[in-house]
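Number of protein chains: 4
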Amino acid sequence: MDFGFDQRTAELHEKLTDFMDEEVYPAEHTLEQQVAQLEDPWARPPVVEDLKRAARERGLWNLFLPDPVHGAGLTNLQYAPLAEITGRSPHLAPEALNCAAPDTGNMEVLAQFGSPEQQDRWLKPLLEGQIRSAFCMTEPDVASSDATNIATSIERDGDGYVINGRKWWSSGAMNPNCALFIVMGKTDPAAERHRQQTMVCVPRDTPGITIKRGMHVFGYTDALHGGHAEVLFDNVRVPADALIAGEGQGFAIAQARLGPGRIHHCMRLIGMAERALELLCGRVSQRVAFGRPLAEQGVIQEWIAESRVRIEQARLLVLKTAWLMDTVGNKGAHTEIQAIKIAVPSMAEWVIDKAIQAYGAAGVSQDTPLAHLWASARTLRLADGPDEVHKASLARRELRKYS
Amino acid sequence: MDFGFDQRTAELHEKLTDFMDEEVYPAEHTLEQQVAQLEDPWARPPVVEDLKRAARERGLWNLFLPDPVHGAGLTNLQYAPLAEITGRSPHLAPEALNCAAPDTGNMEVLAQFGSPEQQDRWLKPLLEGQIRSAFCMTEPDVASSDATNIATSIERDGDGYVINGRKWWSSGAMNPNCALFIVMGKTDPAAERHRQQTMVCVPRDTPGITIKRGMHVFGYTDALHGGHAEVLFDNVRVPADALIAGEGQGFAIAQARLGPGRIHHCMRLIGMAERALELLCGRVSQRVAFGRPLAEQGVIQEWIAESRVRIEQARLLVLKTAWLMDTVGNKGAHTEIQAIKIAVPSMAEWVIDKAIQAYGAAGVSQDTPLAHLWASARTLRLADGPDEVHKASLARRELRKYS
Amino acid sequence: MDFGFDQRTAELHEKLTDFMDEEVYPAEHTLEQQVAQLEDPWARPPVVEDLKRAARERGLWNLFLPDPVHGAGLTNLQYAPLAEITGRSPHLAPEALNCAAPDTGNMEVLAQFGSPEQQDRWLKPLLEGQIRSAFCMTEPDVASSDATNIATSIERDGDGYVINGRKWWSSGAMNPNCALFIVMGKTDPAAERHRQQTMVCVPRDTPGITIKRGMHVFGYTDALHGGHAEVLFDNVRVPADALIAGEGQGFAIAQARLGPGRIHHCMRLIGMAERALELLCGRVSQRVAFGRPLAEQGVIQEWIAESRVRIEQARLLVLKTAWLMDTVGNKGAHTEIQAIKIAVPSMAEWVIDKAIQAYGAAGVSQDTPLAHLWASARTLRLADGPDEVHKASLARRELRKYS
Amino acid sequence: MDFGFDQRTAELHEKLTDFMDEEVYPAEHTLEQQVAQLEDPWARPPVVEDLKRAARERGLWNLFLPDPVHGAGLTNLQYAPLAEITGRSPHLAPEALNCAAPDTGNMEVLAQFGSPEQQDRWLKPLLEGQIRSAFCMTEPDVASSDATNIATSIERDGDGYVINGRKWWSSGAMNPNCALFIVMGKTDPAAERHRQQTMVCVPRDTPGITIKRGMHVFGYTDALHGGHAEVLFDNVRVPADALIAGEGQGFAIAQARLGPGRIHHCMRLIGMAERALELLCGRVSQRVAFGRPLAEQGVIQEWIAESRVRIEQARLLVLKTAWLMDTVGNKGAHTEIQAIKIAVPSMAEWVIDKAIQAYGAAGVSQDTPLAHLWASARTLRLADGPDEVHKASLARRELRKYS
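Residue numbers (this note's numbering), protein chains in the order written: chain A, 1 to 403; chain B, 1 to 403; chain C, 1 to 403; chain D, 1 to 403.
To be clear, the hints were calculated from the coordinates, so they are not data collected in a lab.
A hint or two may mislead.
Said to hold, decoys possible - Computed list of lysine-lysine pairs in BS3-like fashion (alpha-carbon distance at most 30 angstroms, straight line): (1) B/Lys124 x B/Lys331; (2) C/Lys124 x C/Lys331; (3) D/Lys124 x D/Lys15; (4) A/Lys401 x D/Lys15; (5) A/Lys52 x A/Lys15; (6) D/Lys401 x A/Lys15; (7) A/Lys331 x A/Lys124; (8) B/Lys15 x B/Lys52; (9) C/Lys124 x C/Lys15; (10) B/Lys15 x C/Lys401; (11) B/Lys401 x B/Lys331; (12) C/Lys15 x B/Lys401.
Stated by the list, open to error - Part of the chain A face toward chain B, derived, beta carbon under 10 angstroms: (13) Met215; (14) Val288; (15) Val299; (16) Asp353; (17) Trp374.
Think of the CB as a built atom: it goes at the ideal place given N, C-alpha and C, for glycine as much as any other residue.
Construct all of the structure, not just a fragment, from the sequences and the given hints.
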């Protein structure tokens, strides 16, 4: 057992920290100013492309992708501490490094399951950061915690397929750079439960697609990331080669996509919690009430200690999970992936809540990143299945030893 | 001891419940549609005036005001269960009954401390619901939990006063109907600690006033209520008779204003929690996951039971506090007013959080009122001083018996 | 609505407070000394009988019994604040007033359902405090949260009945004054679900009864109260007139017994929490660490404030429940009785835990009453059905409005 | 970074697991029977010596001692998973392996700071398991969280020293095998704050020592371990060579002793929590209520999942702390040692509480180990300084980065 970084991780960690200090944190203010001047709320503030260029020049690009041909070839354990750092500025850093959801998951899917033509047409520009993509899975009318519920149909029709259905929370779909939708639907509702689903590549401008509206998250539109769209698919036709890995592969691909997706979220949440704790400590060191700095108040100190203790524990669990994914595979790490999905969002929510409280009214406003960080953490207690579903599943697995 | 309603309360309770069912809940959907079509985000959707007319016709008007000349003449204990009901639709019902903050507090101040001229000019149209008002107290640069920190100056100058300072969280200031700012500042920084402050009536269109921006609460602008403004006062001149009750009375007026203000918030929070619990129960009774309604899951049942138990306790504490305010006065009820300020917002936050979780992604979005309710409840853990300040104060009072 | 005491309650409240101050609190120390000198751990320290005499002289006797012939004739709402006070010294005061469980429940049963002969033989000496009694209901082999599970058999045999079974947690059974066991068993396992059970009066010295052992609660034997016995009934024969109200009445009697039993526990728990808070405040006012009294530390102040807020809310819910029992009956108050069963033990546990923490190692030891109070409160999260059963039941009742 | 065991740890882990399965768990029942038959409550049940012999034969002896001459020479990181396992049966396994507190700490002190004569006289028989020892530090009259408060005096007198003072919570002092007290007192109250204290070896039978009483922990006397004694030192005379490392070294030795002591407690607490979770899962798999096993109830599943998630996180934090102690020393691991002191006892308390609840009344009784485990975990939120002191200290260290 050993808790130290290997050399490559240590080097990238230092490089990335420098990049954050020199480029990303200063860009947060620039971003705010540029966003305030946009006429179209969905337009792209130029600072993002500047950061992408800078990150790429520093060799901080596609770090998430374990595939050494297409990506940086890092293990999950090596990527974890880096993803954490990007979580400290979650609206800029992940995209700057071309490591932002949902593109990361989509790139993984295309790298692992895509045909050479699909890789050429979609994976390549995604890896270059030239286009972005959305993942259309969740549907408003069914419980998203059970993937077999999906109702969107992908029907064979002549030499192609026709898609009909309604999706929502298709994040990034309203980003003007978004060119690709990866859509999950059912090709064969009569097949075995996990063989009914299929994934398909759909160019965003295909006729029949309507973006109905953007979903809000506690008042936020998340416009910078292309929002969270409700999308109608009304007789949307795609050629047969748009299917990823063929009919009936959708559930398996979704499962393969989820493991890394969840751990990436958790890694970034650790960084979000660290940022919140940093903001909290900075605030209470400066702010004076009733004649002394808030930092001297026992309740505030308790928040800080608890935050530190909770963050450390959560980080270690994420790191161990990454190590298990590397050594025994995503399936072998199933329990731990569920465990971090349960533990980390609520930990981050707790820490950010305390930072908000320390800031008073400023904490809930646009004057700190905290309220928006909180909304993201809160939402991750729901995304990819609510905590309660994961808890019940983890418990049943634990109980199997006793039956 | 007796836990039943008196006759007048029972009658008004029934009337108000009918009004909610027949007018307010249906208007929530209308409101949403009207808001979506507004060009100016600060404009007033017509449904609000419709509701005000309807409420007034039904005799549901100015219920908050204990003054029998200007208002309905209800005791706090009589008003409490009514205010609770308005909290069930907090963006419509309180204003419909002319019982919305911050106007209620401002009307109380004017009724109790205003000169006949001030009452004629400001109180009358406020009581008629013709204008609205803002209360400019909190400042960005000092800890708002300690009212003696206020830095805005109100300096004597010839036959008038000149105001300089920066306020924020002046709720309602961007409402086009807002005509009056009641501003708190210091006329004599050298006076005894609680005699430095003064309140003054400032017409909103007085030269020197600049609305700098609206503060967001999580992602919400609260435009319907006129937002939460940051306001600059740059040499704003008012005549001497704009002072309320004279120089040095500001702190005392603020204290008088706070008691009822806090209990009104708490009453409405009870209603918000009830509404959330109702939504939760409705949702889980319908939504099926993994083959059975969510309502049959043990964890959901625990949320419901805990919610019911917490709401009941909080409501009783609010009612007892109202009774104490009526029988021994706001000062005699000081500990209890603090107690509800501590207990009720966090209770409501907890209940609403569970309802959000039961709704999944819809819960954090604009498709239910829950996310916005949550943001309001969360903010009330901060408004009028963070929980921690009230806890420390309540504890010191408890400890006095032992020293 | 009115939150003040009526005159009789106020008078008894004052009288009882005086009795606590003048007799009970000083007797706690005496008790400890007498217990330390007992050779038989189950023997009775003489101070208890002294207190009983003193209480009776002051007119503080059988206050729990609403029956005006046999008892004090108080309503539940009148008794509640008095029972609370006795909870402040739970090992002395309830018994001193002849208001201790399980005798209170047994006396209620006999007063309401007993035959004149049973009342003469058992109720009279119980009301006089001459004997004590046990209630034999819970069984080790079945889930006690579901009363229909009971396995003990009461079989007709000639002109009597024969009892066979195993009970545990028969509190008070090892008290040398204990003369009566009220035993619940099944006379007709084939009858309708709630008509199978019967209750029967069994003299403690009946052949066939074996006290197997005393159950511990954490490390406590609760010897002062006669412990918690595991009892074997091996062909225990009783005459036919030992049945209370006849065959098949057992479930109904048990239900009638439970409502008051639960609220009495909750009333006393409020008093236990108040005592703990008092001890906490006294401790932190005196104890100095790192140069200042603990009372000045923010975390301690938060405990005090939270304790005060939680106690107040719980008390009001208990009082409202008592009022409902008086006005709409135990059945009408069913939800509220469950609500206090859920809310109050965990509230008391929380408050006492904080007091323990403030005392440090002394808090877990025999040098304060806190550790024992804690064990009692913790156990009441289980007794009469664990919290979880009550929560599920309360939730299902709440959900009925939506189906 | 690597989360796997090294070979030696893996081997010892397997050996120890076998020992637990084959010897320790079966001995728990034997222990109970032997204890029930003891006439003297402080006598030693023979099963303990049997286990010690068996453990030693298997090479499971003195694993705690990193010193390769006197002990097993394991690093903290190697010992941690082994200590965890012993925590699963905390009243038997640690002593069986000669790894029980307070002897472990005392042996570390003697191995590191003792003179050759002290090592020969005391360390040797301790390492052989022939005698046991107590550590007399805490005092009833001062806040034990601040070690500089100690009031016991150790005064030079001729060629020796004379000790006067009162200690309590001297664990193990009433064990008939206890031969040595290591006593901390002040030799020079006028010296610099951390140079006033001295430690001294005192044979238990030295004249002037009175064991006043045993302290209880939630009703438990912990007699098996020799209890927790209150000890009077009345002119207790020792020769000069009884001092450990000379005058003024006491504080430094105490600090050196605390780090390992705390981590050992935390390691065992992980094991206690695992045992509780195992008992919980076993119970709910078997116990049927309302027609189905408790294991199928959602609330129970939530407890299991939460327990698993909390245990995993806590374990990783303990392991990382052990690694830090090995790589950067106890001082470098200061924050992490505090962090586990804060995190682990409350985690274990939480898990054990849930197991108790699943067992119902059996859970608080002597029929499961749970109630006693709980009392131990609860007490460790206090021992070596209450959580609150550690939190404040950890927070101040975190805040230093910001000042």
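To see whether the hints hold, each was checked on the structure:
1. This hinted pair checks out: B/Lys124 and B/Lys331 have alpha carbons roughly 28 angstroms apart, not beyond 30 angstroms.
2. Distance check on the hinted pair: C/Lys124 and C/Lys331 sit about 28 angstroms apart at the alpha-carbon level, within 30 angstroms; holds.
3. For the hint linking D/Lys124 to D/Lys15, the alpha-carbon distance of about 25 angstroms falls within 30 angstroms, and the restraint holds.
4. With a C-alpha separation of about 22 angstroms, the suggested pairing of A/Lys401 with D/Lys15 holds against the 30 angstroms cut-off.
5. Between A/Lys52 and A/Lys15, the direct Cα distance comes to roughly 15 angstroms. Compliance with the 30 angstroms bound is thereby established for this hinted pair.
6. Distance check on the hinted pair: D/Lys401 and A/Lys15 sit about 22 angstroms apart at the alpha-carbon level, within 30 angstroms; holds.
7. With a CA separation close to 28 angstroms, the supplied pair A/Lys331 and A/Lys124 stays within the 30 angstroms bound.
8. The hinted pair formed by B/Lys15 and B/Lys52 meets the criterion: a straight-line CA distance of about 15 angstroms does not exceed 30 angstroms.
9. A hinted pair counts as satisfied when its Cα atoms are at most 30 angstroms apart, and C/Lys124 with C/Lys15 qualifies at roughly 25 angstroms.
10. Proposed proximity of B/Lys15 and C/Lys401 is supported: the alpha carbons are some 22 angstroms apart, at most 30 angstroms.
11. Between B/Lys401 and B/Lys331, the direct Cα distance comes to roughly 18 angstroms. Compliance with the 30 angstroms bound is thereby established for this hinted pair.
12. The hinted pair formed by C/Lys15 and B/Lys401 meets the criterion: a straight-line CA distance of about 22 angstroms does not exceed 30 angstroms.
13. A distance limit of 10 angstroms between C-beta atoms decides the matter here; for A/Met215 the minimum to chain B is near 5 angstroms, and the interface restraint holds.
14. A hinted interface residue such as A/Val288 counts as satisfied when its beta carbon comes closer than 10 angstroms to some beta carbon of chain B; here the least separation is about 7 angstroms, so the hint holds.
15. The beta carbon of A/Val299 comes within 5 angstroms of a beta carbon in chain B, closer than 10 angstroms, and the hint placing it at the interface holds.
16. For A/Asp353, the suggested interface contact is upheld, since its CB lies about 8 angstroms from the closest CB of chain B, less than 10 angstroms.
17. Taking 10 angstroms as the C-beta cut-off, the interface hint given for A/Trp374 holds, the closest approach to chain B being about 7 angstroms.
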